[in-house]
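Using the hints, position chain G against chain F.
For the record, the sequence lines run as chains F and G.
Note that the first sequence covers residues 0 to 330 in numbering that gives the first Met the number 0.
Note that the second sequence covers residues 0 to 333 in numbering that gives the first Met the number 0.
Hints are computed from structural coordinates only; laboratory data are not their basis.
Certain hints may be false.
[Stated by the list, open to error] In the DSS-like style, the derived pairs of lysine-lysine whose C-alpha atoms are separated by at most 27 Å in a straight line are:
(1) G:K275 / F:K203
(2) F:K203 / G:K256
(3) G:K32 / G:K256
(4) G:K62 / G:K28
(5) F:K32 / F:K68
(6) G:K136 / G:K91
(7) F:K265 / G:K202
(8) G:K95 / G:K129
(9) F:K203 / F:K134
(10) G:K275 / F:K265
(11) G:K95 / G:K144
(12) F:K265 / G:K256
[Claimed, not checked] To spell it out: a stretch of chain G is covered by chain F in this simulated footprint if at least three of its residues, at any positions, have a beta carbon under 8 Å from a beta carbon of chain F; those stretches are:
(13) 151-165
(14) 186-193
(15) 220-229
(16) 241-251
All residues carry an ideal CB built from backbone N, CA and C; glycine is no exception.
Chain residues, written in single-letter form:
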Amino acid sequence: MTALIDVENLTLQFRTDEGLVTAVDNVSFSVGKGEVMGLVGESGSGKSVTAKSLMHLNAKNAVYSPESKITLHTEDGPVDVLSLRRPGELKVVRGGAISMIFQEPMASFAPAVSIGKQMVEQLQLHSDMSKAKAKEVSIEMLDRVGISDASSRFKQYAFELSGGMRQRAMIAMALSTRPKLLIADEPTTALDVTIQAQVLDLMKDLVDEFHMGIIFITHDLGVVAQTADKVAVMYLGRLVEEGPVRPVIRDAKHPYTQGLLAALPKLDELDASLTPVPGDIPSPLERPPGCVFHTRCPKYLGDVCREKDPRKLEAEPGHAVACHIYTGEGS
Amino acid sequence: MSETPLITTRGLSVGFNIGGSIFGKRILKAVDKVNLDIPLGSFYGIVGESGSGKTTLGRALLKAVPITDGEARYDDGEVSYDLTTLEGSELKDYRKRAQLIFQDPYAALSPRMTVRDIIAEPLEVMGLTKGREETDKRVREIAAKCRLNLEHLRRFPHAFSGGQRQRISIARALVSGPKFIVADESVAALDVSIQADVLNLLKELQSDLGITFMFISHDLSVVAHTCDHVAVMYLGRLVETAPTRAIFEAPRHPYTKALFSAIPSLDPDERGGAQKLEGEIPSPTNQPSGCKFHTRCPHVVDQCRKVEPTLENAGSEHEVACHRWKELLAAMPA
Numbered sequence: 000m001t002a003l004i005d006v007e008n009l010t011l012q013f014r015t016d017e018g019l020v021t022a023v024d025n026v027s028f029s030v031g032k033g034e035v036m037g038l039v040g041e042s043g044s045g046k047s048v049t050a051k052s053l054m055h056l057n058a059k060n061a062v063y064s065p066e067s068k069i070t071l072h073t074e075d076g077p078v079d080v081l082s083l084r085r086p087g088e089l090k091v092v093r094g095g096a097i098s099m100i101f102q103e104p105m106a107s108f109a110p111a112v113s114i115g116k117q118m119v120e121q122l123q124l125h126s127d128m129s130k131a132k133a134k135e136v137s138i139e140m141l142d143r144v145g146i147s148d149a150s151s152r153f154k155q156y157a158f159e160l161s162g163g164m165r166q167r168a169m170i171a172m173a174l175s176t177r178p179k180l181l182i183a184d185e186p187t188t189a190l191d192v193t194i195q196a197q198v199l200d201l202m203k204d205l206v207d208e209f210h211m212g213i214i215f216i217t218h219d220l221g222v223v224a225q226t227a228d229k230v231a232v233m234y235l236g237r238l239v240e241e242g243p244v245r246p247v248i249r250d251a252k253h254p255y256t257q258g259l260l261a262a263l264p265k266l267d268e269l270d271a272s273l274t275p276v277p278g279d280i281p282s283p284l285e286r287p288p289g290c291v292f293h294t295r296c297p298k299y300l301g302d303v304c305r306e307k308d309p310r311k312l313e314a315e316p317g318h319a320v321a322c323h324i325y326t327g328e329g330s
Numbered sequence: 000m001s002e003t004p005l006i007t008t009r010g011l012s013v014g015f016n017i018g019g020s021i022f023g024k025r026i027l028k029a030v031d032k033v034n035l036d037i038p039l040g041s042f043y044g045i046v047g048e049s050g051s052g053k054t055t056l057g058r059a060l061l062k063a064v065p066i067t068d069g070e071a072r073y074d075d076g077e078v079s080y081d082l083t084t085l086e087g088s089e090l091k092d093y094r095k096r097a098q099l100i101f102q103d104p105y106a107a108l109s110p111r112m113t114v115r116d117i118i119a120e121p122l123e124v125m126g127l128t129k130g131r132e133e134t135d136k137r138v139r140e141i142a143a144k145c146r147l148n149l150e151h152l153r154r155f156p157h158a159f160s161g162g163q164r165q166r167i168s169i170a171r172a173l174v175s176g177p178k179f180i181v182a183d184e185s186v187a188a189l190d191v192s193i194q195a196d197v198l199n200l201l202k203e204l205q206s207d208l209g210i211t212f213m214f215i216s217h218d219l220s221v222v223a224h225t226c227d228h229v230a231v232m233y234l235g236r237l238v239e240t241a242p243t244r245a246i247f248e249a250p251r252h253p254y255t256k257a258l259f260s261a262i263p264s265l266d267p268d269e270r271g272g273a274q275k276l277e278g279e280i281p282s283p284t285n286q287p288s289g290c291k292f293h294t295r296c297p298h299v300v301d302q303c304r305k306v307e308p309t310l311e312n313a314g315s316e317h318e319v320a321c322h323r324w325k326e327l328l329a330a331m332p333a
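If we strip away everything but chain F, and leave its shape as in the complex, we get (with noise of 0.2 Å):
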C-alpha cells in the first residue's frame, strides 16, 4: 500500500500556566491511501489533539518535540507538515490534501451563512475554479452525499437540516476539495443509530469511489470493528496497541483495550454484567510514571510497571503492543 501520511515519533505538549502538559507522548503510524485507521481512547487519550496535529492546527501554546515528525506525501514530493508556517502553505493540509469532519455538525457551520455559499468558498480557495463552477462541483457532491433535492438545501442553514442531513453536508463539503486523508472526529456520536448506519455506510462508499485514507477518531469499538481496516488505541497520550482490526479486536493484548472491549454492552450476552474500567483516565496534569495505564490496571504486575516505560513488541505481526505482561521484565 503506498503510504500517505507518516507520523513519526509525535510528542506535543502544551505550555501552560500550571507547566507543560504532555498531551501526546511518541506516537508513531501510518496511513495508506485507500486504507481506513480507527483510533480510539478515552476523552482525554489525546486523540483529536494527534489529529489536529496532522493538519498543524493546535492552539498557539502546543510545543512539538524536535523528533516529531509528520510527512504527508502528495502528488508534489513530500511535505514536512510540522514546518509548515505561513497561511499559503498550510492550505495543503488544511483542506486541500487533508480534510476533516466534527463531531458536532451544527457548531462546524455557520450559522448565518448558508450551506451553499460556505461550499463554495472553500473549494474556491483550494482551486481555481469559477464560482459558477464550484456551485455545480458543490451540489453534485450534496447529491452525491444522499441529499435529496441538492439545489434547493444548497441555499438552506445549517438549522434547517436535521442531524444527520447536517452531517451529510459536512461530509459533502469535506470531500469536495477531493482530499486525499480524511480525519473524522467522532463523526456519528451525535446522530442515532439508524442514521450513523446510513452515514457509516456512505463513508465505506466514498472510501471505495475516491480511494483516500480515513483517520476515524472514534471511542464506540463497535464503530471500528464496521469501518476500519487498522486500529491504534490511545491512553494518556501513548499508544498501547495497534495492529488490524481483527486480532485487535478478536484476542486483545493490552489490558486497556481488553477493558473497554470488557466494557462494552454485548447484545448475545444480555446475562453478563458491565465490567467497567475502574477509576477515572488521570489528568494529564498528574501522568503517572512507568506504564501510563498502571494505575487502572486489573493486571499490574507489581514495581516494574511504576517504574518503566514497557517498550513496544510486536505480538504478531503487525500487532504491537506495549505492556510489561509481554516484555517479560516483570518477572
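Same frame as chain F, now just chain G:
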C-alpha cells in the same frame, strides 16, 4: 407483577401550541395517546430516535410539561396522585418522590456551587432537613452511597471527570429520597469505560433502595443490559412494549427490528449485512397518516397508509402496534 404499577397512563398526550390563527391552533403532538404501566421497582427503558417524544414523555410524568390529554396516575403504595390535576402541597410532595437525572453532566451542575451545596440544594429548597447539621449528615450519606469521595464535597464541579460528575447528579437526584427517577440519556455523554460504572450504580440503587427507574435512551445495547421492560417509541406513539428478553429475542415491529440491526456489530466480518432504514424520522409538525412508520417501513402496504394500528397482544406482556406483524412472523424463515 400483580401489584398496582407505580405509573399508569391511559391515552396520555402532550401537545405544544406552535402558533396558528383565529381559525384554529396548530398543535405539535409530541406524545400521542400513550398507555404505559411502569411496575413498582422496575427499570423501565424507553427507546427511540431523537424526535420520538421520549424526553417529553418523561417530563410529562414529572409534571415538567403540561399533560394535554389522557390520564396519568402515580401510586407508590403510600400515596396515590392523579398527575393531570396535581397541584399545591400534593405537587410539592410529588417533587420529592419523583426526580430527574439529566444527560449532560457538564451542563447540569452549576460551576459556582461546591459539590456539597449542589447535593444539599434540594434538601434546603424543599425544607426536608431541620438544620445544617442534619443536611450535612444526609449529604454525606448519599455521597457515600454514590461512591463519591467525601473529601471532594468541598470542591467545585470543574475538578471532576464526566463519570464523577454524573455520580454527583445522581446524588442530587437521590437526596430527597425519591421513589421514581427519570434518567434521561444519563450515560450517553460518557465514555464506554465509565458508562458501565454509572449503569452498575443505577442498578445498585434500584435493588438497594427499591427505586423505580424510567431509563430513556437511544442506545439499545445499554437498554438491553439494564432494563427489565422496554417500550419503543416512534413519533410520539408506542410501537412495541415487552419484557427486555422477549423484545430482544423476538422483536415484532419492523421499527424495533431496524433499530437492532443498526447497532454496529463488534465482529469485523459481519459488515453490512444489516437491514438499514432509509430516510429520517418525519417532522412531528407534519405527521404521516395511518401508521406513522409507513414512510420508512420496508413492509408497507396500502392499509398502513390509511389506518393507524393499535397496540395488540403479541405474547406474554408483549404488545405491538403493526398491521402486519403476524404475517411477517409467519413469513420469517425459522
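Here is what the structure says about each hint:
1. Restraint check for K275 (chain G) and K203 (chain F): satisfied, since their Cα atoms lie roughly 15 Å apart, inside the 27 Å limit.
2. Restraint check for K203 (chain F) and K256 (chain G): satisfied, since their Cα atoms lie roughly 23 Å apart, inside the 27 Å limit.
3. Taking the CA atoms of K32 (chain G) and K256 (chain G), the gap is near 23 Å; set against the 27 Å cutoff, the hint holds.
4. Straight-line distance between C-alpha atoms of K62 (chain G) and K28 (chain G) comes to about 17 Å, which keeps the hinted pair within the 27 Å bound.
5. Annotation: proposed proximity of K32 (chain F) to K68 (chain F) holds, straight-line Cα distance about 19 Å (limit 27 Å).
6. Restraint check for K136 (chain G) and K91 (chain G): the C-alpha separation of about 23 Å stays at or below 27 Å, so the hint holds.
7. The straight-line distance between the Cα atoms of K265 (chain F) and K202 (chain G) is roughly 17 Å, inside the 27 Å bound, and the hint therefore holds.
8. Distance restraint check for K95 (chain G) and K129 (chain G): the Cα-Cα separation of roughly 16 Å lies within the 27 Å cut-off, and the hinted pair is therefore satisfied.
9. With a C-alpha separation of about 25 Å, the suggested pairing of K203 (chain F) with K134 (chain F) holds against the 27 Å cut-off.
10. In summary, the hint linking K275 (chain G) to K265 (chain F) is supported, as the alpha carbons are separated by about 20 Å, within the 27 Å threshold.
11. Distance restraint check for K95 (chain G) and K144 (chain G): the Cα-Cα separation of roughly 18 Å lies within the 27 Å cut-off, and the hinted pair is therefore satisfied.
12. Under the criterion of a C-alpha separation no larger than 27 Å, the hint pairing K265 (chain F) with K256 (chain G) is consistent with the structure, at around 16 Å.
13. Using a Cβ-Cβ cut-off of 8 Å, 4 residues of the region 151-165 of chain G lie near chain F, which meets the minimum of three, so the contact claim holds.
14. Check result for the region 186-193 of chain G against chain F: holds, 4 residues qualifying (beta carbon to beta carbon below 8 Å, three or more required).
15. For the region 220-229 of chain G, the stated coverage by chain F is satisfied: 4 residues place a CB nearer than 8 Å to a CB of that chain, which reaches the threshold of 3.
16. Under a criterion of three residues with beta carbons nearer than 8 Å to beta carbons of chain F, the stated coverage of the region 241-251 of chain G is upheld, 3 such residues being counted.
When held up to the earlier numbered hints, the structure conflicts with none and fits them all.
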